[in-house]
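In the order they appear, the protein sequences are chains A and B.
Each residue of the first sequence is one higher than the one before, counting from 1 in the working numbering.
Each residue of the second sequence is one higher than the one before, counting from 1 in the working numbering.
If you are wondering where the hints come from, they were derived from the structure by calculation, not from laboratory data.
Just so you know, these numbers come straight off a predicted model, no measurement behind them.
Among the clues, some could well be false.
What the hints assert, rightly or not - Chain B stretches covered by chain A per the calculated footprint, using a threshold of three residues with CB under 8 Å from any CB of chain A: (1) 378–389; (2) 407–413; (3) 453–459.
Unchecked claim - If the Cβ cut is set under 8 Å, some of the chain A residues that face chain B in the computed set are: (4) Tyr66; (5) Leu69; (6) Lys70; (7) Tyr137; (8) Glu141; (9) Val145; (10) Ile160; (11) Phe167; (12) Val168; (13) Ala172; (14) Leu178; (15) Val179; (16) Val387; (17) Ile388; (18) Tyr413.
As the list claims (entries may be wrong) - Straight-line Cα separation of at most 25 Å, PhoX-like style, residue types lysine-lysine; simulated pairs: (19) Lys486(A) / Lys311(A); (20) Lys420(B) / Lys105(A); (21) Lys91(B) / Lys22(B); (22) Lys363(A) / Lys158(A); (23) Lys440(A) / Lys363(A); (24) Lys337(B) / Lys353(B); (25) Lys158(A) / Lys420(B); (26) Lys447(A) / Lys367(A); (27) Lys158(A) / Lys351(B); (28) Lys353(B) / Lys32(A); (29) Lys368(A) / Lys447(A); (30) Lys420(B) / Lys165(A); (31) Lys70(A) / Lys184(B); (32) Lys32(A) / Lys47(B); (33) Lys351(B) / Lys420(B); (34) Lys378(A) / Lys447(A); (35) Lys105(A) / Lys377(A); (36) Lys105(A) / Lys461(A); (37) Lys104(A) / Lys461(A); (38) Lys311(A) / Lys367(A); (39) Lys378(A) / Lys486(A); (40) Lys105(A) / Lys351(B).
Beta carbons are placed, not taken as given, at the ideal position from N, Cα and C, and that holds for glycine.
Here's the letter readout for the chains.
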Amino acid sequence: MGTYFSFPDLLIWLPMVAGLLCFLPALRSQSKNLSLLFSLCILGVSIASLFFTNDGKYLTYNHVSYIWLKYLGANYYIGLDGVGRSLTLLTAIVFPMIIGSNFKKEISNTHSFYGLLMFSQAGLMGVFMAMDALSFYFFWELALVPVYFLASRWGGEKAIASTFKFFVYTFAGSLLMLVGIIYIYLHTGGRTFEDGTIAPHSFSLSAFYQATLSTVEQTWLFILFFIAFAIKMPIFPFHTWQPDAYDQSSTPVTMVMSAVMVKMGLLGVYRWLIPMFGQADHMLYHIAILLSVIGIVYASCLAMVQDNIKKLVAYSSIAHIGLMSAALFSMKKIGVQGVFLQMFNHGINIVGIWIVVEIIERKTGIKKIAELGGLAKKAPALTIFLVIISFANIALPLTNAFPGEFMLFSGLYQYNPWLAMVAGLGVILSAVYTLNMVQKVFYGTIKDSTSAVSDIEMHEKLVLSFIILIIFTAGVYPQPLIDLTKSSTDQFFTIIK
Amino acid sequence: MNAIIISAIWGVLLMFSGAFLKNKSIPKYLALFGAVLALSSTCLEMKTGHSFFSFPVFDMIKTDAFNLLFIDVIFFIMVIYFLLNADEISKVGQHVAEYYALIFFILSGIAIAATFNTLLMLFIGIEIISIPLYILTGSDKRNLKSNEAALKYFLMGAFSTGIMLMGIALVYGGNPNASFYIDKIDMGHGQMPVFIAMGLVFMLVSMSFKVSAAPFHFWTPDVYDGAPTVFTSFMSTVVKAAGFFAFLRLFENAFGSMHNQWQTMVAWITFATLMIGNITAVFQQSVKRMLAYSSIAQAGFMMLAVFALNVKAKEGILLYTAAYSLATIGIFGVLSKMQDYTIDGFNGLGKTKPLMALAATIFLLSLTGIPLTAGFQSKFFLLISAVENGNHIWLVIAAVLFAAISAYYYFRIIQAMYFKSPESEEQIVYPVSIGHTFMLLVIATLILVIGIYPELVIGWMYR
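Just chain A, with the same shape it has in the complex (with noise of 0.2 Å):
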């Protein structure tokens, strides 16, 4: 290849070899520092892949080519791309921040909880650079197994049956995938190797957006491929198995599935479903925008009725994810610059809230929120914090969720102005839900529950600040963000057209 490293290799390996060190016996009671150390380290890595970009002589640093499996045609093939690059960040920055705002916490077998979470971070990053259909199946479901062990080991008493439900649900869904993959990879062409050998067909992402396929068939593949992303994000009505995952998962494993892993559903519909079926049945596309519509208005409903505070959230979190991917299949320019602005915002602020919801839950041991009441007055530091983080989840102007969710808006305006419409219901919904949370968590009167409570801690503050940092940062000066995927969107309509 030439070069000695590449950015690819490096935010794999790095959170890989983290893992398997905190199992090392030796280095058990390190667990924690080394994690933080590892993923700090891998969050300056991805900063520095920000400054070599794709054009001309950098192109050996971002991507990663090794002959896999010759007589298959399959690669082992990373590189980073627009969105791979700005959805890498985005686990970058989460992983120190869950870890930091965890950092005083006391969790049982430490090691094994970073280690799992090390590798869950290796297979997240696999999933947004992998370029090739093998390589990313393997990412997808590696990413899903270490989730799994953590929010069942360290989840709450209905833990294991809510998470099992969550991975029979994924798995069920990547196997119907697998099954598209393999009906596509054998309608592809050759690939020649670097060294010579010939297989008959390929797993190479070009080779999937250029594979021969009839209306019929990739109307058919459409739905496989549609049915495990739309279980990822989750779209209505695949949704079923995340509130109660969110809700029994400890709350470093919920910030990891909503922050990052819900992106993976929204990364495989741009990368691969739309640009690989876009002869299939349009009435697919409308569907798929349907669900995604119904499921905003659906969860907020749900989001405003719930008395408890972590399945609020998830709720909250199904609105925002269905407004991405109704943006996404509309498949305005507008909106998909907006899809790829949100998705890095949106792991941000739910990363925020599930900070706070985690502190008021380790101080109070309640989920309940008619048990909770003034907060305020005990814990103002973290009342700022929360009030802030809110208004960036209603997307108000100022807050990062603003210029992105505009975007959105306006795309699925330019597709069809009275689906915004209902869609716009769950703005509304969201600031009446969110702000009555805020009420009556924060304000009224002091509870049994809440006299006690005192308010936050250094490192708590610290990693929250840095999340408002970002917050009104982006919200002010989105540019740099959207410039950051714009050659991705530019590819993207070159290859749907």
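Starting from the known structure of chain A, fit chain B onto it as the hints suggest.
Chain B alone, transformed into the frame defined by chain A:
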């Protein structure tokens, strides 16, 4: 050829070693040596194309890269099996040398069934496999369940043998111009003559019985449950794989030209096997019985190879043999150390025996078919072969959905090991030697290596 002769000689040798040598541990080393010898001589035969033993077999046995590789895989697994299970085999009863002798006779039969070129040799191979198996099933003589299982297996097995013989007679008799050899048998491409069709159905039924495909699977749970655990692990892996290999070889060579006429029948057998195996396994409480049903479910997946009958199917069956056998031998190796064979018996194993639990987790993930394990690659290859075949895509969709169901029962053990704590303070496992744990980890590593790079196994076909 080497493998057939060496294992036959070794069988006799081991039988006499039991009679003349007082030292009980000699058979175990002898057996290990025999397996290594057969493995290396088969490798040599693959490389040079010559066998140590040459006498006229009149083409009744034919070797090629594919079936020699299969024999290699089998003997490699046997080496692992002996290394892991030597102590367990000597715990079954008094006549240790005889058990090893019987195993080697079975291996000889497997080598014949893998290389047969006439239906006669197929019959002989299958019978050499079956008869010692009846004895091994009943080898725990004082256990009523073991006796019952042996008798049941024998009666049903004898019945299916009769059916197979009838099938062979019909195929040969109904087609008087046909060659004796299956690679030249030429059934023609037109409508099947009625005798051949009947013969084919009879052969299909009896082979389905041998590999425990539904609806001919009823013996499997009882026999696997009743037999001593070490021998269950042998029966459900190596022997079953050999059955499938013979099945595939028979239908590819003899009936391949009429593929489209019997494919639908095989598709339904595959579907029924997948459904019955997976659905019933969900309701089991005993891990041993659950593994028996899961072996039916896995057989359903292997049936996809017979259904598809192409190059990927061959590669897939090789990978499946390796992947499924390693994982199953491993999980039975864990199970044999458990005090309690129910799923609750595994509660808290992750804390008391972390390494053993880690290995067991990898075996179970492999059986489920999670990427990075050999189990995924084998399922993946068979799915490719089935999709490539082009007919009955619904079967492929059904197969993956059943694979998702299989996660349910395999993960119950993982959940028990890591997320639940034992009810009593008592030890949940028998004492485990370091060597045993080490071997389990070796198997787990092999599973991961094959899972990452499956061409390690199938690549030999093309060298």
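Open item on the list: If you test the structure against every hint from before, which numbers come out violated?
Closed with: 4, 16, 17, 18, 19, 31, 32, 39
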